[in-house]
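Listed in order, the protein sequences are those of chains G and H. Those letters in the first sequence? Residues 1 to 238, by the numbering used here. Those letters in the second sequence? Residues 1 to 221, by the numbering used here.
What the hints contain is simulated information worked out from the structure, not anything from laboratory work. Careful, some of the hints might be misleading.
[Unchecked claim] Footprint (simulated), chain H over chain G, 3 or more residues, beta carbon under 8 Å:
# : stretch
1 : 19-28
2 : 134-147
3 : 167-177
[Stated by the list, open to error] Just a few of them, taken from the derived set where beta-carbon distance is under 10 Å, the chain H residues facing chain G:
# : residue
4 : Ser79
5 : Pro172
6 : Leu207
[Unchecked claim] Simulated restraints, written as ranges between beta carbons of each label pair:
#  : chain 1 : residue 1 : chain 2 : residue 2 : range
7  : G       : Trp117    : H       : Gln18     : 25 to 33 Å
8  : H       : Leu195    : G       : Gln230    : 50 to 58 Å
9  : H       : Arg10     : G       : Val224    : 28 to 36 Å
10 : H       : Arg49     : G       : Arg221    : 32 to 40 Å
11 : H       : Met119    : G       : Pro115    : 42 to 50 Å
12 : G       : Pro169    : H       : Ile30     : 30 to 38 Å
13 : H       : Leu46     : G       : Glu148    : 41 to 49 Å
14 : G       : Glu148    : H       : Ser79     : 39 to 47 Å
Computed from a predicted structure; not experimentally measured. Every residue gets a Cβ at the ideal spot worked out from N, C-alpha and C, and that includes glycine.
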Amino acid sequence: MANLHWLANPGRFLRISNAVVPYLAGLTVVLLAYGLWRGLTAPHDATQGAPATIMYMHVPSAIMSMTVYGGMAVASAVALIWKHPLADIAAKSSALIGAGFTATCLISGSMWGRPTWGTYWAWDARLTSELVLFFVYLGYIAIWQAIEDPQRAGRAAAILALAGSVNLPIIHYSVEWWNTLHQPAGLLQGKTDPVLAVPLLTLLAAFFCFYVTVLLLRMEREIVGRKIRQLRLLQAQA
Amino acid sequence: MSRFSAVVARDVRLALRQGGGSYWTLMFFILTVTLFPLGVGPDLALLSRIGSGVLWVVALLAALLSLDRLFQADYEDGSLELLALAPLPLELTVLAKVLAHWLTTGLPVTLLAPLMGAMLAIEPAAYPTLMVAMLLGTPVLSLVGSIGAALTVGIRRGGVLLSLLVMPLYVPALIFGALAVEATLEGLSPRPHLLLLGADLLVALALTPWGAAAALRLNLE
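Start from the sequences and build out the full structure, keeping to the hints where you can.
This is the structure in structure tokens:
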């Protein structure tokens with residue numbers, strides 16, 4: 001906890017973040033290039049052919065869409081419990097990135113579904129729960145927009161994020177029993193051949209670095225934006 | 001306990017009296033169900049297939065429609081602050097208001113379900129399951145909705161936002177509720193789905209009052 005509070009100083013955070021972002025951005029580019037190169041030169045899937053390469057975008061963005069929500073929920077809990085000034089900024093800044101990953105996952109999945117399943121969209125469990133996750137992200141973003149005061153908006157959004165985090169597993173299993181067409185996840189169970197697993201895991205790391213990079217940039221922007229807002233308010237009162 | 005029941009009685013009385021809107025919610029339920037045969041055609045075979053799903057979706061919409069009044073009217077006239085200052089913990093006040101909301105929307109909708117089911121040509125054999133499922137599922141709608149209602153209580157035109165926030169969280173109740181009826185229609189036991197729906201209700205009952213009360217405290221500052 002000591003480290004968390006040490007980082008709670010926005011000025012210190014900005015200095016560290018400014019120093020780290022270029023390296024993270026570089027790492028993202030390198031990992032992305034290596035992963036895409038390995039993935040696109042790997043042999044095509046025997047039955048699915050070329051469309052299967054879409055999974056190099058699809059699988060990492062699917063994993064990230066849930067990881068980001070998890071991070072958002074943890075940040076929201078930290079914001080509610082310890083009133084950590086950067087936690088609700090981190091949660092707010094994560095939401096749009098998470099929604100982006102979710103949209104990427106849905107779009108790439110439907111592009112893969114058309115040649116493989118013969119349809120862009122099926123009311124399958126995974127697709128449905130990913131779509132619901134997308135709506136949850138949109139609702140979270142909407143409540144930030146609806147409340148003007150950032151302090152109150154942050155607490156309201158944190159309550160919503162935590163309510164969502166309790167509900168998302170229930171939603172996941174309820175749609176799972178409802179209808180399942182999607183293949184189960186096999187990447188982290190050692191069932192995937194290294195020829196496919198190495199580029200996939202590299203791209204997952206690349207997506208994660210991308211997330212952290214953009215998150216830090218958005219947090220910097222949010223901190224500066226709040227400072228400007230404060231100054232404007234003071235100016236208006238003077 | 002008497003404080004708890006006093007809040008319940010007050011809210012039920014307010015909902016039933018003039019301008020309370022409880023009847024309007026029921027009218028909405030009946031009218032919207034009536035629109036479906038007009039929209040998809042009077043084919044009874046089709047209607048009996050989609051009937052239980054239609055009833056669930058419309059019950060969900062009816063709950064949403066009335067939810068924005070759950071705390072809003074009390075917030076506007078200041079009685080919510082008095083309720084928050086009262087000796088009864090705010091979590092229990094929330095629970096009491098949710099119970100009153102369910103008594104005036106969820107319960108009547110459940111009682112009306114067989115009648116509307118007959119109009120949608122649902123097999124009468126499925127009515128008991130439908131009603132048990134609604135008895136277990138409609139309180140979930142009120143409970144989960146209370147978090148959304150509490151979060152949007154200070155927001156102008158918060159009703160639409162409330163729907164956006166809450167609708168994704170209604171998915172499990174809708175799925176288990178509709179699956180239970182479908183299982184009965186196919187001659188299978190609805191028991192597992194009803195048990196899951198009951199579990200969903202228990203989770204909602206245990207957790208949502210805390211969330212809604214936290215959101216209310218935030219909006220009363």
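Cross-check of the supplied hints:
With 0 residues having a beta carbon nearer than 8 Å to a beta carbon of chain H, the stretch 19-28 of chain G misses the requirement of three or more and the stated coverage is violated. For the stretch 134-147 of chain G, the stated coverage by chain H holds: 8 residues have a C-beta nearer than 8 Å to a C-beta of that chain, and at least 3 were required. Note: the stretch 167-177 of chain G has 6 residues with beta-carbon separation from chain H under 8 Å; the three-residue rule is met and the coverage holds. With 10 Å as the threshold, the beta carbon of H/Ser79 stays out of range of chain G, its nearest partner Cβ sitting at about 21 Å, so the hint is violated.
Interface restraint check for H/Pro172: the shortest CB-CB distance to chain G comes to about 4 Å, inside 10 Å, so the restraint holds. Checking H/Leu207 against chain G by beta carbon gives a least distance of about 6 Å; that is within 10 Å, so the hint holds. One distance hint, 25 to 33 Å for the beta-carbon pair G/Trp117 and H/Gln18, is violated here, with the actual separation near 55 Å. For H/Leu195 and G/Gln230, the hinted distance range of 50 to 58 Å is satisfied, since their beta carbons lie about 53 Å from each other.
Between H/Arg10 and G/Val224 the beta carbons are some 49 Å apart, a value that contradicts the proposed interval 28 to 36 Å. For the hinted restraint 32 to 40 Å between H/Arg49 and G/Arg221, the CB-CB distance of approximately 51 Å leaves it violated. At roughly 44 Å, the beta-carbon separation of H/Met119 and G/Pro115 lies within the given 42 to 50 Å, and the hint holds. A hinted range of 30 to 38 Å for the beta carbons of G/Pro169 and H/Ile30 is consistent with their spacing of about 36 Å.
Between H/Leu46 and G/Glu148 the CB atoms are about 48 Å apart, so this pair conforms to the stated range of 41 to 49 Å. Hint check: G/Glu148 to H/Ser79, Cβ distance near 25 Å, so the stated range 39 to 47 Å is violated.
Checked against the numbered hints given earlier, the structure breaks hints 1, 4, 7, 9, 10, 14 and satisfies all the rest.
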